[in-house]
Each structure stands twice: as structure tokens, then as C-alpha cells.
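There are 2 protein chains.
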Amino acid sequence: MEAVTSPQQESSGPITRGCQWLKSLPNKFCDKTMEIARKTKKLGQDDPRRIVHALKVGLAITLVSLFYYFEPLYDGFGDSAMWAVLTVVIVLEFSVGATLGKGLNRMLATLVAGALGVGAHRLATLSGRQREPILLATFVFIIAVVTTFIRFFPKVKARYDYGMMIFILTFCLVSVSGYRDDQVLEMARDRFSTILIGSCASLIVCICIFPVWIGEDLHKSVAANMGKLANFLEAFGDEYFKVSEESNENNKSYLQGYRSVLTSKSSEETMANFARWELGHGPFGYRHPWKMYLKVGNLTRDCAYKVEALNSYLNSKIQTPAEIRGKIQVPCKRVSLECSRALKEMASTFRKMLRTRSAVMHIENSKKAAEELKNLLKTSLWEESDLVEMIPAASVASLLLEIIGCIEKISEAVNELGEAASFRKSNATVLPEQPDSIQQETIQHDSNTAMPVPHCVIVVSE
Amino acid sequence: MEAVTSPQQESSGPITRGCQWLKSLPNKFCDKTMEIARKTKKLGQDDPRRIVHALKVGLAITLVSLFYYFEPLYDGFGDSAMWAVLTVVIVLEFSVGATLGKGLNRMLATLVAGALGVGAHRLATLSGRQREPILLATFVFIIAVVTTFIRFFPKVKARYDYGMMIFILTFCLVSVSGYRDDQVLEMARDRFSTILIGSCASLIVCICIFPVWIGEDLHKSVAANMGKLANFLEAFGDEYFKVSEESNENNKSYLQGYRSVLTSKSSEETMANFARWELGHGPFGYRHPWKMYLKVGNLTRDCAYKVEALNSYLNSKIQTPAEIRGKIQVPCKRVSLECSRALKEMASTFRKMLRTRSAVMHIENSKKAAEELKNLLKTSLWEESDLVEMIPAASVASLLLEIIGCIEKISEAVNELGEAASFRKSNATVLPEQPDSIQQETIQHDSNTAMPVPHCVIVVSE
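Going line by line, the protein sequences match chains A and B.
Using the numbering used here, read the first sequence as starting at 1 and increasing by one per residue.
Using the numbering used here, read the second sequence as starting at 1001 and increasing by one per residue.
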């Protein structure tokens, strides 16, 4: 558009401008198409399961619509067979948890509401043709009002919202249709069986062909969030204590990864809600403690808030001069690095569903470094320095100390979860039980072996 | 259950225990019922619009089901009339935005997919009875796969997800049904008109009877979030600098209000998505800049992260001794109070949709106090104090300085939004235009008059 209104063409007539606009149209169309193609490709590459899901939906719908094409199948249900197709479209979701939740909600609600609807119809017909519509309308009104209100209960909303809607829907369908059609029982039965077929078809396709377990996604996401914080803390030391400004222009995206943790609460809650519907799969049992994932997630987020505060000192205008920062560089870097290692260790063992206390060693190390840092701050090194200039560095030190506390809490929560979900004990910790007094030693020893130690092989060439 | 397994009754037989369990059943039932009643009451009291919404749903469904009871209305549509009832159950949501979004999505998708379905049916019949099901199945498969994949595009997901589902649904319904029923056109027409009736009935009931505008909720929520931060900052000074521990046991809920701001992102985004569907209403035009609310919300959240950091110093184990804290008490309290006032002022004028720059005065005041604070920290007052003990207080001071920056950003975003949404200018600011150089003065003057100044009237009694 800018080309059209450029001063050069301002004077040309509307026809010329129109022509130019038309000429530019194919180009614009091309650009737009290219952009969409690029986005589509990215969407598929980011998560190839999306393509698989689309194909699964196509397959399930095509399969169920066979009911319509084959005479013998069609004869059983007639037009009601269409409900099976509709059910597949509605119920088949991306993850097994969501599909199971919707499918079970839909089947149960249809069953209960269908039965109630038949009952309401019978009751209404007893009262005579005149009063029948009034009674039916009253029933429908009461059921609709009560059920709609129940949908506001947070627990119901989280798990049974869809079922409640289908309950109203089926009740209306069965009881009201009964006024025109006396075969209410057949209708209710047909509706239920077609919905059963549709739901089962969705579930079979969803579970049997490349299933997407949302519980697994939640598990990975909680571990990944710890990893993101670890990445920040790993890079923080070097970034904060660097003397020159050389890498200021460089890509700092690795420092921004943690930001998605700050706003992950609602997606974690949704995932946990869906995960609770899922059957046992792989290492996750049916009664896997998904709620405890939310606790670990919340503690990780608390830690992310501290990291956010830490991050603000990286870009702050008021900076402690490099030479003053240099004095606390060693212990600060060590705290940050050990915290990062503890988080990485936790993320890695958590992802593998192992129970080790190997992170404890890194936490202990960071605590030792914290003591050093405190001692350093207590010395008279600072007498000559300006307090205002000291504040940012002091705040950074104080935040690092707090982060140790956060990570300890995460570690406890992860251990609790590991026990509740009976994660495997890591090989390294399978040692005879030791009295408490020397347990600390054992843990440190264990974690030393469990920790991924970089192997340096020095080959001396002659 | 605890009574049953108490040691005293451990020895009693299973029958006795069974009897006692049965005896306790009515009590438990009573307790449960009371609890549900209490929760229901609370749910209604917290937001009476929920009760109104439930009644609205009941009314709309009952109204639309009249189609079924009255002969002349029924004759027009026959069994298809049921689609109107189903549409009401599905489309009528709590807020106008959500209802409009769903209704328009449903109507448009039904129209387009119905037309395409008829076309697909015609094309398939041309190929002969044998190849018809193969062609139909191919069409259905392709449409289902492509549309399902399109649903993954974030922009589509946010606004047209429901429409995409209905598109697949209607396309299958029309094209597949056509195989058994040659009156495809009538079916498509009936489906569209019943859905039109259902959607319109939902919209009329939703908009005409106590409408819930989600845009208004978003507007209030953004203002309320600023207020929550202001409440914390107002109380923070007194809480942090209090000498004794007397109020430690007191209810500190007013200090925790800000926590909900930390996790408000997803609900704000949902509200903004729905709000964009809404018609103009009250002071909100049709093209109200709802997206800019998200920007203000994000900046408010950034400020909330700082407040979270501040809060951790209230409960920190390592505390600066009260006498050292006392030295920076006056400017710190002033910064915190002026920040709180600025936020309150913004929240209040924002809620009223006024454009004033009255918060600027408070920001300027807080900046002055910040200068004082910085000067105080530069003095030699601190020579004799321990740096480790100083750190928490110094960090608090530094955080307060950063919060000023955050609030300035919020103020700018609020002003931008005010301009884009053409908020009214407050009376106090309607003054002849002044040159830039003295604008600052004017603003301060304006805001002085706009600010709620406590009037002290001293009556001298004789």
C-alpha cells in the first residue's frame, strides 16, 4: 500500500492507481500464500503429532460414515447413524485424556439424561394431552436451570462441564421429541447406541494409533520448566560478571527461556485435569498422582519469580562497577552454577522417573558457596565502596541465596512425588540402609556416581 | 471413619462396626448436604449473575421448545426443529462475547459447510451409484484432515475453533446423509434455518436480559489488578518497618491479594478474545482496543513480579535489624506510598474511563523520595553497619526504585489505551493548550485538583 500513496504517484489518476493496485495484487497474493505455507510447515515441524492427529480425525470420521454407505449397518439405526459421525467430530481430541474425558462425559450424560427424559415423557403423558406440554416445559426449565447452575461449581467445571451440557441437551431432545413421536424409548436407545459407537470409535483411533498421552506431556513440561530455570542460572554467572560489553548484541534467547515458566500455571492445570482421565500407560499408572505435579509446578514458578528478579539486574541501568562485582564473583558464580546443576539433575532424573537424592549434593555445595559469600560480605572489603553502587550486587547475592531455598523446596516436592508415584530408585542409591548420621555421606557418594561426569581421556601420542 | 478404627472398637465384630458405620451415615449425609448448600449459596452470592444466567438458559430453551408444541410452527420444520433447541443449549454462554462468538461461528460454518456439502453430494451423484460412496468418503476425509489441521493455527484456535468443528460436522452431515436421502437441499436449508433460529434466540435472550459483557469484566479486572498492587504497596511500608512483632498473627490477607495478578494472563487473554466479538455497549465501542488491555495487563504483571520479590522480604528469615531499617524508613515508606497512590489513581480513573495524567504527580513524588533514598544511602551512616545485615534492606530499597519504573510504564500504556479508546478527558485537565516547556507544571496542577484530597475542617469551639 505504501507504494500507492508515495508522493510520486500522488498526482496520477484513480485509474492508474487502481491498475497499479491490481498489478501488485498477484504479488501480494503470492506473498500471503508463501507466508501461510511457511507457517503451516512450521506448525507441522514444531509438533508432527498435529499432522498425525488430523489424519486420525479423517480416518475415524470416514470409518464411522461407513455406517451410512452399507445397507446392513444402516438398517439398524437409520438416520440416527448420523449421530455417530457427529460424536466422532466432537469427541476425538488431540490427547487421549481429553478424548476419554469427553467420550465418558458424553456417554454417561446421554445414558442418564435419556433415562430421565423417557421418565419425564411418561409422567407428562399420564396428565393428558392438554397439560402435557406445560408439564414438559416445566421439567425442561427446571433441569436446564439447575444443571446450568451446577456447571459453575469449580470442580464440576474442571471435569464434567461437557457432560452437564450433554445432559441438558439429551434430556430436552428425548422429553420434548416425545411430544410428537411416541417411540421415545427407541429414540433414546438409538441415540445412546450411536453415541456409544461414535465415542468408542474415537477412543479406539485415539488410543491405538500413535496416542498422545497428555500426562506424559505434563511430566515432560514440568521437567522442562526446571531445565529452563537451570539454563538461566547456568548462563547468569558469566553474563552478570562479564567485564566488557562485547556480547551485549549477541542472541540472548537462552536467557529468556525461563519466561514461559512464569505463565505456565493454567496450561499445567488443564493438562493435569485431562491426565486424570487417562488409563495407565507406560510408566504412568491409572492413579498416578497428577495433582502433585501441580505442586512441583507451583514451586518451580515461585523460583521463576526470583529468576525474573535476577534477570532485571542483568539489564538494569544502575550497575555495580565491575571491580566491585569482581569481589563477589567467585562465590556468586558458584552458587548460581550449583543451583543450575541441582535443577538440571532434578529435571533429568525426574524425566527418567528415577528417585535419587543426587541433587542434594549440589544444593549442599551451593549452600557452602553461600556461606563463603556471606563471609565475604562480612569482611571489611567494602568499607571504601559506595553503598548505592553496592546495592545491585548485594541484591543479586541475596536473590541467589533465596533461590537456594526455592530449589530445596522443589527438591522436597519432587521426592514426595517420586515416592507417591513409586519412581524407580536409581541404581546408585541401592545400597544397604545406613544410620542417619552418615546418610549425608552416602548421598553425596551416590550422587557422585549417578551424576553425568564428563569423561576426559588424555591420549598421549608418542 | 476414624471412630470405627479406634483401638476401643478394634475388638468388636464386623457386624457391630457395620452398624456403627450405618448409624453414622445419616450424619455424614447431613454434613455433606449442608456443605453443598453452603457452597451453592456462596457461589450465588459471589456473583449473582450466575443465577440469572441459569434462569436465562432455562427460559431460552423453554421458549425455543415451543416450536415443538405448536402445530403451525412444527409443520414448517418437522423433526429438524430439535436442532434449534440443541443450538440454544450449546450456544448460550455466560457472556455476550462468548455467545456471539459461538453463534456467529455456528451460523457461518453451517452456511458454508452446508453449501459445500450440497456441492459435494451433487458431484458424487454425477459419478454413478457405485463410485458415489468412494467419492463422498474421499471428500469427507480431505475436509476433515485439512480443517482439523487448520484448527492448530493459534489465531484460528483463538477465534474460530468452534466454527471449524461445526464446519466438519455440517459438511459430513449434509454430504453423507445425501447418500440415503435425495432431498439434500431441503435438509441443508432446514439445518441452517433451525440453527439460525436457535442462535438468534440465544443472542436475544443473552443481550436483552441482564447482559454480561465480558469486555466490561476485562476492563474492571485490569483496573482491579492495579488496585491489588496498590493495596500491597500501601500496606508494605508499615508492615516492613514495624518494630515489634505484634501483628504477625493478624490476618494478612490484604497483603496476599496481589498473588492472583501473577497468574491472570490466560484469563485476560480469554476475556480479550471474547470481548472482540462484542457489539458496542455502554462506553465501549465496537472497535474498542481490547488488545491494548493485554499490554497493560502484561506490564501490571511485570510489576507484580517485583511485588512478589518485595513480599519475600516480609517473611524472610534474614532480616536487617530494626534500627538500621529505621534509617531508611521515611523515604522508603514515601516511595511505597506514592507508588500505591499512583496505582490507585490510575485504577480509579481507568475504571471511570477518564484520561487524566494525575498519576504523574504521584510518580514524580515517588521519584523525589527515591532521590532522597539514594542520597541517604550515599551518606556515611552505614560505615559501622554489617553489610550482610544491610543486604535485605538495601534490596528492598532497590526493588522499590524498580517498581517506580514499572509504574511509569503502566502509566504510559494506560495513556496510550486512553487515547486509542478515546476516554473522556477529566474536567480538571480541560485547560487551554500550553507549550511543552510548562506542561509538566500544568499536569501537576491539574492532578492536584483531580486528586481526592482529604478535607480537614478545624472547628474552633469557643
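By construction, these hints were calculated from the structure, which means they are not laboratory data.
Don't be surprised by glycine CBs; every beta carbon is placed ideally from N, CA and C.
One or more of the hints may lead you astray.
Said to hold, decoys possible - One-sided excerpt, in silico: chain B residues whose CB lies under 7 Å from chain A:
hint, residue
1, Q1130
2, P1133
3, I1134
4, C1172
To be verified - What the simulated footprint calls covered on chain B by chain A, stretch by stretch (three residues with Cβ under 8 Å from a Cβ of chain A suffice, anywhere in the stretch; the number is not a length):
hint, segment
5, 1049-1060
6, 1393-1399
Claimed, not checked - DEER-style ranges, computed between Cβ atoms:
hint, chain 1, residue 1, chain 2, residue 2, range
7, A, I204, B, T1270, 30 to 36 Å
8, A, T138, B, P1072, 21 to 27 Å
9, A, S127, B, D1079, 20 to 26 Å
10, A, F70, B, E1071, 51 to 57 Å
11, A, K220, B, K1155, 24 to 30 Å
12, B, T1040, A, A420, 28 to 34 Å
13, B, Q1256, A, E416, 20 to 26 Å
14, B, S1422, A, I204, 52 to 58 Å
15, A, I15, B, A1115, 17 to 23 Å
16, A, I204, B, M1034, 41 to 47 Å
Evaluation of the provided hints:
no., hint, in the structure
1, Q1130, "11 Å, violated"
2, P1133, "4 Å, holds"
3, I1134, "9 Å, violated"
4, C1172, "5 Å, holds"
5, 1049-1060, "holds (count 8)"
6, 1393-1399, "holds (count 5)"
7, I204(A) with T1270(B): 30 to 36 Å, "33 Å, holds"
8, T138(A) with P1072(B): 21 to 27 Å, "23 Å, holds"
9, S127(A) with D1079(B): 20 to 26 Å, "24 Å, holds"
10, F70(A) with E1071(B): 51 to 57 Å, "38 Å, violated"
11, K220(A) with K1155(B): 24 to 30 Å, "26 Å, holds"
12, T1040(B) with A420(A): 28 to 34 Å, "33 Å, holds"
13, Q1256(B) with E416(A): 20 to 26 Å, "24 Å, holds"
14, S1422(B) with I204(A): 52 to 58 Å, "56 Å, holds"
15, I15(A) with A1115(B): 17 to 23 Å, "36 Å, violated"
16, I204(A) with M1034(B): 41 to 47 Å, "44 Å, holds"
The structure does not agree with the numbered hints 1, 3, 10, 15 stated previously, though it agrees with the rest.
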